[in-house]
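Participant: In the order they appear, the protein sequences are chains A and B.
Reminder that position 419 of the first sequence reads as 419 in this note's numbering, one-by-one numbering, no gaps.
Reminder that position 156 of the second sequence reads as 1156 in this note's numbering, one-by-one numbering, no gaps.
Derived from the structure by calculation, the hints contain no laboratory data.
Think of the CB as a built atom: it goes at the ideal place given N, C-alpha and C, for glycine as much as any other residue.
Take the hints with a grain of salt, since some may be wrong.
[What the hints assert, rightly or not] Each pair of labels, with its calculated beta carbon distance range: (1) 86/A with 1311/B: 32 to 40 Å; (2) 502/A with 1063/B: 20 to 28 Å; (3) 1311/B with 356/A: 37 to 45 Å; (4) 1337/B with 452/A: 48 to 56 Å; (5) 1315/B with 251/A: 39 to 47 Å; (6) 130/A with 1311/B: 28 to 36 Å; (7) 1349/B with 251/A: 39 to 47 Å; (8) 1366/B with 58/A: 34 to 42 Å.
[To be verified] Covered, in the sense of this in silico footprint (three residues per stretch, anywhere, with C-beta under 8 Å from a C-beta of chain A), are these stretches of chain B: (9) 1021–1029; (10) 1295–1308.
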Amino acid sequence: MSLSEHTTCSSLPADPVAADALIGIPRQQTNPSRWQGEQWAEFVRSLREQGIEIREARADTGIYVTDAGGLAYGMPHGVVLARSTEQIAALMKAAQMFAVPVTVRGGGLTTEGESVAFGGILLDMTGMSRVLHVDREALIVRTQAGIFWHLLAEVLRRDGLDYISAPLNLSSSVGGTLGVGGIDVNSSKYGCSADQAISLQVVTPTGEIVECSDDENSELFERIILGYGQFGIITEASLHIRPYTPLRMHYFYYAALKPCVEDLLMLDASQACDYTGILTMMDSAITLLVAFDSDEREAEFMAQVKPKLRGYGELMFALHLAVSFSWRPWKWKEALFLLRRKRELFPDLQPAQHMQDGRMLDRTVVFSRAVWKHWGDRHMVIPDLATSRDKFVQAVERGNAVCRKYFPYYTLYCVGIRLRDDHRAHYELSSIPADAEGWAYGCEFEPMYNGVEYSRDRLQSFKNEIYDVGVELETSYYRFGGMMKGYIRRALGDAVVEKHLQLKRQADPAMILNRDVIF
Amino acid sequence: MRSVDVVIVGASLAAAAAAKRLVDAGLETVIVEKQQLPRHKICSGILSPRGHRFLLENFGPLPRKVLHDPTACRGVTFHFPSMVSMSMDFFGGTTPHLHRKYADHWAIEQSGAEVMDDTSFLAQTQFEDHVVVTARKRGGEAFELKARYLIGADGPVSPVLRSLYPDYHKQIPMFFVGQKFHEIIDCPLDEEYFHFWFHPDLGHYTWSHARDGRQIVGVGYKIGDKFHDRHLHVAKYFEEKHGVRLKPADDDHEGCAENFGPSLINRYVFGKGRVLITGQATGFLNMIGEGMSCALHSGAIAGESVVDAMLRNRPVQEVYRQNIASEVRRTTDQWNPLQIAFARPHEADFPKALAALPMGDRIKVLRDIWSFLKLYKEFKWGRQIAAISMQRLLRGDYSQKNWM
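Could you put the whole structure together from the sequences, leaning on the hints where they help?
Facilitator: Quick look at the structure:
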């Protein structure tokens, strides 16, 4: 199907006015208008009568003005700090009655304004961040959902345990991640982070408190997991955990994207590694990262799979780069950047205090800090593409071309996501591409600012262009919440969106919970 | 004296975009507009795809009343004295034909900012941490507003800009653009396109397109000539050469002054201290004279720069000039011959359309463009354009030294 056919048949509702005249760029409003505050005073009075604290001072609301992406701005009318499931249930009942929008925020790590409140209530979930129970025998943890994975890891480590998979950064929350998916370098083995959820306590948009899992209220469970916060607020979660293992890491270096991506696909299919991923400096230094939970797995890989890889070791790659830059002397700035990056980054990826006998003792701490320190910035701009195996090389190469056009320095981060057949229903509204079999593949495209400031307008143009590649390839987007409202119909098609819109209307009659994220 | 966060002068698309950014970030924003809203605005109304996308993403779906008929435009057709015509479709499809009176008002309303219309900006005085803006409601007394920042989004002859640089408009060539509306007897020009003539005898900027059942005949030239004579000359040419048969022009003709030039030579004005200039007042203009998309984007950048400056306690001019660099690159690239030849800076593919012509026509077109460009010789831009093109090639960017 050609692009034009695609955009016409699975696209947005016909423009209310110029029906066919404006087929040009079928976009939706992604930067919504502010809710005007109808019935706000009555709503606040009702909540205060129930003893629920609402902070309305500008100093309290102002700190939530934007998210990690820093592109969308919006001010809530008031902020509620989550204290208990009952408090949230009361809040939702009142919000439903007075039709006040509620935007839920964990670590605020969204990139498209999903955790920014364009008026109404901002519910800050970080107030509920205690680990409730660790079952060492059954390997299950019960935790409040406002906790950051980083803190959860710290608590589990005391018992020699670890979570299974989570985004590597310092402030993504358990609830937020379960709502959107989450990826880690072991996602090619364990699936997305949301797949480790066993059961959840959820406050529905109408204020009911419901426990749900694959066996109990399974339909709600399907909607909540990877549901972009549309069908309820996760207050507690029971998660699979595992015994803690140090990592045996290896890096292979490539000078071109295609062989590296192909090797990644081959590695995942062989299931020879416990952790795989690609991290690049532009398209000139491409690193394939592999790691193992046990010496046996490592030895097996070294003997059987390593010889098939086309990457270089560090020394050979350095030589290769030196030769390549000597042919292209006008690229001296890029060469210097790579050198500096290597000098600054490598020690932080193998800090002495976290290494023992060549093994990394705490990947959560090491990677999260390194990501924050070396990739963090005022604007976390990470548009991505999620595809089936077949389209992945093309998606990476085309996205890379867009990065080249916009920024002198950037990073690509690619991982595979193992799909669980029994969780197909979970993936329906998510951005796991419908044509993905076995694995979906995600690539994030992230500028490295290197001290240069870009306007929000420029960064938004960059993201739009990456997302446009996705539309052309008929694939979708996989990130914290990186599915722009404007793209969902074209990514998932009208049928899926309409189905979920109907379900949303039933579950949330006043359409107040996390508005403007998808619907 | 009332105290607000930001005052914006002008109620155009640039103002709406700036206001949207400011209001989103919770800043109290007042728009001061000299006419009563909705107000009439002279414009071809043909928006570029980038501007279309911006409108949809920031203000929502376009209501019918903000569009003229035909509601959309597919692209541009260039006509040359050698009678070769060349059509180019916009990348990504058609774009709206905006009715500026209602489109601007709609965007302003969507922004959520407070509007004081029928109110003229008179003067501004800057202090260390605020600006005092003097304005007057029609028929009323002058009054003052205290603001942390002032944004001038008030068009080519910007009074705000004049309050900063009283001689500025004398230093740059100003043009007159005017359009007359004709009932159509017979018009072979495709109504899905915006038509532009590269013809030195017709004037610096000559165009035509359909609107609400009539045909627009538009002329642009250096201020000093007579609109009526120019227009008659062009209309006669259309009839003789293109068979465009029109009734005499209706009475509702219109015209305005344009500051064409700063985009070509990277000489923009972004303001001083706590006063920012944005939109067409800065000098932003795309190649076919479309200024709306630049206005939307530069307006948004002015707005976000004020937000950044306030949240991060930084000098607003420094933030604005860093942020606006991308828009400068994008706009000035459109006039940069090296970029045009090798980098596709426009929102339609000129080199491809040219390549599609037979070889003989291609040579005619290039020769015609060259003789058209000679019309601009008197402004002595050639050497400056060559210099900034080299600058762009060597350092990847345009210098900020020429900006005011």
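Participant: Can you tell me whether the CB distance of residue 502/A to residue 1063/B sits inside 20 to 28 Å?
Facilitator: holds, 27 Å
Participant: Cβ-Cβ distance between residue 130/A and residue 1311/B: within 28 to 36 Å?
Facilitator: The hint (28 to 36 Å, Cβ to Cβ) holds, given that residue 130/A and residue 1311/B are roughly 32 Å apart.
Participant: Using the beta carbons of residue 1349/B and residue 251/A, state whether their distance is inside 39 to 47 Å or not.
Facilitator: holds, 42 Å
Participant: Starting from the range 34 to 42 Å, see whether the pair residue 1366/B and residue 58/A falls in it by beta-carbon distance.
Facilitator: violated, 60 Å
Participant: Return holds or violated for the Cβ distance of residue 86/A and residue 1311/B against the range 32 to 40 Å.
Facilitator: Holds, since residue 86/A and residue 1311/B (Cβ atoms, about 36 Å apart) stay within the stated range.
Participant: 39 to 47 Å was suggested as the range; check whether the CB atoms of residue 1315/B and residue 251/A agree with it.
Facilitator: Since residue 1315/B and residue 251/A have Cβ atoms about 43 Å apart, the given range 39 to 47 Å holds.
Participant: Given as covered by chain A, does the region 1021–1029 of chain B meet the bar of three residues or more with CB within less than 8 Å?
Facilitator: holds (count 5)
Participant: Are there three or more residues in the region 1295–1308 of chain B whose C-beta lies within less than 8 Å of some C-beta in chain A?
Facilitator: The restraint on the region 1295–1308 of chain B holds, since 6 of its residues have a Cβ under 8 Å from chain A and three suffice.
Participant: Could one say that the CB atoms of residue 1337/B and residue 452/A fall in the range 48 to 56 Å?
Facilitator: violated, 27 Å
Participant: Verify the CB-CB distance for residue 1311/B and residue 356/A against the hinted window 37 to 45 Å.
Facilitator: Since the Cβ atoms of residue 1311/B and residue 356/A sit about 43 Å apart, the hinted range of 37 to 45 Å holds.
The structure does not agree with the numbered hints 4, 8 stated previously, though it agrees with the rest.
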